[in-house]
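Asks: Sequence:
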Amino acid sequence: MKRNRIYLFIIIALSVVPFWYVHRSPISAVRTKVFSLGFFDIGIHSTVEKVSDDLYTIEPAPVEDETLGELKTYQVKRYGIFYLAEYYGEV
Numbered sequence: 001m002k003r004n005r006i007y008l009f010i011i012i013a014l015s016v017v018p019f020w021y022v023h024r025s026p027i028s029a030v031r032t033k034v035f036s037l038g039f040f041d042i043g044i045h046s047t048v049e050k051v052s053d054d055l056y057t058i059e060p061a062p063v064e065d066e067t068l069g070e071l072k073t074y075q076v077k078r079y080g081i082f083y084l085a086e087y088y089g090e091v
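Heads up: the sequence shown runs through residues 1 to 91, numbered per this note's numbering.
Hints listed in this document are in silico derivations from the structure and should not be mistaken for laboratory results.
No residue lacks a Cβ here, since even glycine has one placed at the ideal position from N, Cα and C.
Fair warning: there could be bad hints in the mix.
Straight-line distance between alpha carbons at most 25 Å, and here's what the computed SDA-like set of lysine to any residue pairs gives [unchecked claim]: (1) 72 / 55; (2) 50 / 68; (3) 50 / 28.
Pair by pair, the computed Cβ-Cβ distance ranges are [unchecked claim]: (4) 11 / 61: 19 to 27 Å; (5) 4 / 67: 28 to 36 Å; (6) 63 / 14: 29 to 37 Å.
Model the full structure from these sequences, guided by the hints.
Replies: As structure tokens, then:
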């Protein structure tokens, strides 16, 4: 029984710690969102700047293929110890 609890703790820790690592700050949350949208190079090598309390811009901005629009501004919200980013639109 005790061994099962240790295994459960290890599995939970291995799931939560990497998620926390990529969502530990607003800047890393924006980079993770851009990376998960498929813009790998921009997600790794970009500059993120704060515009207002919860809005951040990324330079160079990724360009969406269908509309050729720049995905430049992201809104970051905090949920407990995690930050999550969503595309906001043009400011």
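Asks: Compare the structure with each hint and give your call.
Replies: Now for the hints, and whether the structure bears them out:
no.	hint	result
1	72 / 55	holds, 10 Å
2	50 / 68	holds, 24 Å
3	50 / 28	holds, 12 Å
4	11 / 61: 19 to 27 Å	violated, 38 Å
5	4 / 67: 28 to 36 Å	violated, 51 Å
6	63 / 14: 29 to 37 Å	holds, 36 Å
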